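Novice: Reassemble the complex: the two chains are provided individually, in unrelated frames, and hints are given to aid placement.
Residue numbers (this note's numbering), protein chains in the order written: chain A, 1 to 244; chain B, 245 to 502.
These aren't lab readings, by the way, just hints derived from the structure by calculation.
Please note that the accuracy of each hint is not assured.
[Claimed, not checked] Derived lysine-lysine pairs resembling DSS-like cross-links, with alpha carbons at most 30 Å apart:
1. A:Lys59 x A:Lys38
2. B:Lys248 x A:Lys110
3. A:Lys111 x B:Lys324
4. A:Lys109 x B:Lys486
5. B:Lys293 x B:Lys260
6. A:Lys107 x B:Lys248
7. B:Lys293 x B:Lys248
8. A:Lys110 x B:Lys260
9. A:Lys59 x A:Lys43
10. A:Lys107 x B:Lys324
11. B:Lys248 x B:Lys260
Predicted, not measured: the structure shown is a model, and the values here were computed from it.
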Amino acid sequence: MNRIQTLYKSIIGKKVIAAVTGLILFGFLLGHVAGNLKVFTGKNAEGIPHIDEYGQFLKVAGEPLLPAGALLWGARLVLLTSVILHITVVVQLAMLSAEARPVSYVKSKKKAASLPALWMMFSGSLIAGFIVFHILHFTTGTIQLGAFEHGYVYNNLRSSFSNPFVAGGYIFVMLVIGVHLNHGVWSMFQTLGIDNPDRNQFLRTASTAVTMAIILGFIAVPASFLFGLMPEAANYAHELLTGH
Amino acid sequence: MRIKLHVWRQSSRSDKGHMETYELDNVVAEMSFLEMMDTLNEKLTVEGKEPVAFDHDCREGVCGMCSMVINGEAHGPKSKTTTCQLYMRHFDDGAEIFIEPWRASAFPVVRDLVVDRSAFDRIIQAGGYVSNHSGPKPDPNSIPIEPSVAETALDAATCIGCGACVAACPNGSAMLFTSAKASHLGMLPQGQPERFDRAKSMVSQMESEGFGSCRNYAECEAQCPKGISIAFIGRLNSDFLKASLVEPIDRRGDMKAQ
Numbered sequence: 001m002n003r004i005q006t007l008y009k010s011i012i013g014k015k016v017i018a019a020v021t022g023l024i025l026f027g028f029l030l031g032h033v034a035g036n037l038k039v040f041t042g043k044n045a046e047g048i049p050h051i052d053e054y055g056q057f058l059k060v061a062g063e064p065l066l067p068a069g070a071l072l073w074g075a076r077l078v079l080l081t082s083v084i085l086h087i088t089v090v091v092q093l094a095m096l097s098a099e100a101r102p103v104s105y106v107k108s109k110k111k112a113a114s115l116p117a118l119w120m121m122f123s124g125s126l127i128a129g130f131i132v133f134h135i136l137h138f139t140t141g142t143i144q145l146g147a148f149e150h151g152y153v154y155n156n157l158r159s160s161f162s163n164p165f166v167a168g169g170y171i172f173v174m175l176v177i178g179v180h181l182n183h184g185v186w187s188m189f190q191t192l193g194i195d196n197p198d199r200n201q202f203l204r205t206a207s208t209a210v211t212m213a214i215i216l217g218f219i220a221v222p223a224s225f226l227f228g229l230m231p232e233a234a235n236y237a238h239e240l241l242t243g244h
Numbered sequence: 245m246r247i248k249l250h251v252w253r254q255s256s257r258s259d260k261g262h263m264e265t266y267e268l269d270n271v272v273a274e275m276s277f278l279e280m281m282d283t284l285n286e287k288l289t290v291e292g293k294e295p296v297a298f299d300h301d302c303r304e305g306v307c308g309m310c311s312m313v314i315n316g317e318a319h320g321p322k323s324k325t326t327t328c329q330l331y332m333r334h335f336d337d338g339a340e341i342f343i344e345p346w347r348a349s350a351f352p353v354v355r356d357l358v359v360d361r362s363a364f365d366r367i368i369q370a371g372g373y374v375s376n377h378s379g380p381k382p383d384p385n386s387i388p389i390e391p392s393v394a395e396t397a398l399d400a401a402t403c404i405g406c407g408a409c410v411a412a413c414p415n416g417s418a419m420l421f422t423s424a425k426a427s428h429l430g431m432l433p434q435g436q437p438e439r440f441d442r443a444k445s446m447v448s449q450m451e452s453e454g455f456g457s458c459r460n461y462a463e464c465e466a467q468c469p470k471g472i473s474i475a476f477i478g479r480l481n482s483d484f485l486k487a488s489l490v491e492p493i494d495r496r497g498d499m500k501a502q
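This is chain B alone, in the form it adopts within the complex (with noise of 0.2 Å):
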């Protein structure tokens, strides 16, 4: 296979950046996406070129790593996938291919493709966790859940934190990151007792990293490696606005009657 590529290269955080065009003829169609980018910085590292810096650890679709905007879309051309997990068989023959980072004033780009996340790594200390005992191991299954709730808090856990919904927001939201993240907690019994402060800390957490607002396009879950649905969002707005406007701030205080 014979591909054009155009990539996002930027020396550092303070660069400017732009696109630069390279072309690769030795591409197999059972090649990995990665695979690709591993052989054109091979290429370019024999060429004494600087290789483009791009991020990847598993390889195998879970850790979320492998952030890139594949000809407009986040992760590319195939949905519910991963970029490692798309293969040079998905692209024709003499395709010309858009390599860019996730685009997002809370995701700085370090490097070429490589996007500083960490402002997700904030929401999630701000919320994303349950109060536990120390005590002895409880037996197992002794906290009654109705299946489909927990299959519903396991489709939001499925969240593998890539950042591609923000990617993929016209607006840079991180609305479904933040709601699949205090869904599954929020949903289960033992994420009761911080639900409601959680949906307010989280939410707070994510406007003041700088993301924008949801405007219902449901592009997100479109181009969400794990399809994780905006009904979680729903949820998140549900929870937050009893959070605001309904849940007591004093629930202890005196009362009187008349």
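Here chain A stands alone, though its shape is the one from the complex (with noise of 0.2 Å):
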């Protein structure tokens, strides 16, 4: 613990603390990319579309070896954790980064920060606000932009993302999330000293391809149901589900 302190209050372990709660983040994303896509396998032998069933299964996930929402709740306490670390180490650093440079330059040049790099704060806050808009708008459905019912995945992903405003916000947000981790998972590897000069070519391109890869299959979703890709909302009887 003495070690763990000791690290968080050097400028570098508050870097390696952005860079760990990053890769949680980056992990969570890949497998909510991955749960979006079974918006496009259709729906099951009694008409439930697959989305529907997977959020159902999040809810249980763990049963019978842990209560119900036990595994639900521990990862978003993990998120949660996460998400609140990474922002009060960045918030610290760009303090004492600010208080490091107390007058500015005249005149300053750029020769080599990209403009992801140069951008990170403001793309993180852009994101920090998305989490909470995203949740209370298709977790809690407290803010309805369109018809919400607690379940029916589809139904509720059908009825915003038919609304061109709701669908191109998301679709812009997702590009921002992208441009933040063009810069975040290389540097990331740079934090942890795992880059150097044989790797960086592939660490880098490696980063944009996943970072792509992962943009393209979140906005895939908002697109589709956007350009009237995807079939009718589903009609079934909400025990049906929950009754699995």
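Specialist: Below, the structure is given as structure tokens:
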């Protein structure tokens, strides 16, 4: 515990925490996008969309070894902690860096720093806001941008994303997440001391490629609903789903 | 050549400072940037004005004294070149040139373009050394080193401690300097005994000097007059992590079995 405290107090340690929590959140995005793609796999024999079944599965995953919802809430706790830690250390480092240059240059020029890297705070703030909005929209249903009913994931998506503003907004934020990840994923390797000249090209290409795959996967959902490529809303009794 | 200069003037550490504009019309393309500054100072002296204070020493690109941010870039527009090796032929006739000191709270401005870089000295004092025996001289080449490792250590050792990395970094971070100084010792067999302590103590000193945090922009590498790679930053991160999390604190304590 002492070692963790010492690490947390140092600049490099804070960066390592940002990298590790970033990795956890990146892992979550991988899982999230894989789950999302179930929206394209159709319905089961009872007419329940696979994405609805998947949503129900997440609620009961871990049963009977764990009580219902334990795994879901455990994962949510880890993710929430990661988000809070990620933001806390990054804000602390940004404040430190602002103090490190009290007088700015009259003329300043960037030779190497990329725009995604320079805009990390901006993209990050937007993503943080989006996370809150997204949970209120599709998880709790507090923000209604279309018809919403708990458990009917497919119908909820269809209802919200038929609205071009909602779909467009989601697509825009996905692009912002892509910009954030493009620097963030590679930056994680560098911060953890994993990158070196031998692997640099590979790690950078792989970071961009995986980021693009994730973002395209995310965008595919609102875009497909927006352009009317998806089948009609599903009609089934809710007991069918929860009875599984 | 005729040029217009905007130079930072600050009479003392406590002075707020401001940019002042000068016109020079007898500039020759073969002049080095510092010779152009000398010409400006001669002109100012003749006019009875205070000449511009700037640091310079060897004027051959190895001492790391000529610290100036020229048109927003540390050591000016030519990459892998110190200010003293920059020539006026690298600028157009009629050019407008902005000259500012390194900007970092750890490098306070002493006067005009002169900054106090003692923070770097203290980082080196914290761990930039190796232990040596004081006995007879060892045989040459008695310690085998892989050539590519020796060359990489030498790449890190080309750091002249000028501070351009800090000046260039949008966060005012000194990670490139600290990592170069830690790596050129830490990569060699002679530097192994203090390797992990060195990483910890140099980073800790760097932090207490008030430098910012590294955000992996690689701006330092691009503006370093010696082109030192950010690979050394990754290396220092790795050593620091091992030192903080893995290296045993108590190597000689008692152990029990169960």
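Novice: Against each hint, give a clear statement of whether it holds in the structure.
Specialist: Hint-by-hint comparison with the structure:
Distance hint between Lys59 (chain A) and Lys38 (chain A) is fulfilled; the C-alpha atoms sit about 16 Å from each other, no more than 30 Å. At roughly 23 Å between alpha-carbon atoms, Lys248 (chain B) and Lys110 (chain A) fall within 30 Å of each other, so this suggested pair holds. At most 30 Å may separate the alpha-carbon atoms for a hinted pair to count; Lys111 (chain A) and Lys324 (chain B) meet this at roughly 12 Å. For the proposed pair Lys109 (chain A) and Lys486 (chain B), the alpha carbon gap of about 35 Å is over 30 Å, so the pair is violated.
With a CA separation close to 19 Å, the supplied pair Lys293 (chain B) and Lys260 (chain B) stays within the 30 Å bound. Straight-line distance between C-alpha atoms of Lys107 (chain A) and Lys248 (chain B) comes to about 15 Å, which keeps the hinted pair within the 30 Å bound. Of the supplied pair hints, the one linking Lys293 (chain B) and Lys248 (chain B) holds, its CA atoms being roughly 18 Å apart against a limit of 30 Å. Between Lys110 (chain A) and Lys260 (chain B) the alpha-carbon distance is near 26 Å, which keeps this suggested pair within the 30 Å criterion.
As the CA atoms of Lys59 (chain A) and Lys43 (chain A) are separated by approximately 19 Å, the hinted pair is consistent with the 30 Å bound. At roughly 20 Å between alpha-carbon atoms, Lys107 (chain A) and Lys324 (chain B) fall within 30 Å of each other, so this suggested pair holds. With a CA separation close to 23 Å, the supplied pair Lys248 (chain B) and Lys260 (chain B) stays within the 30 Å bound.
In summary, the structure is inconsistent with hint 4 from the numbered list given earlier, while agreeing with all the others.
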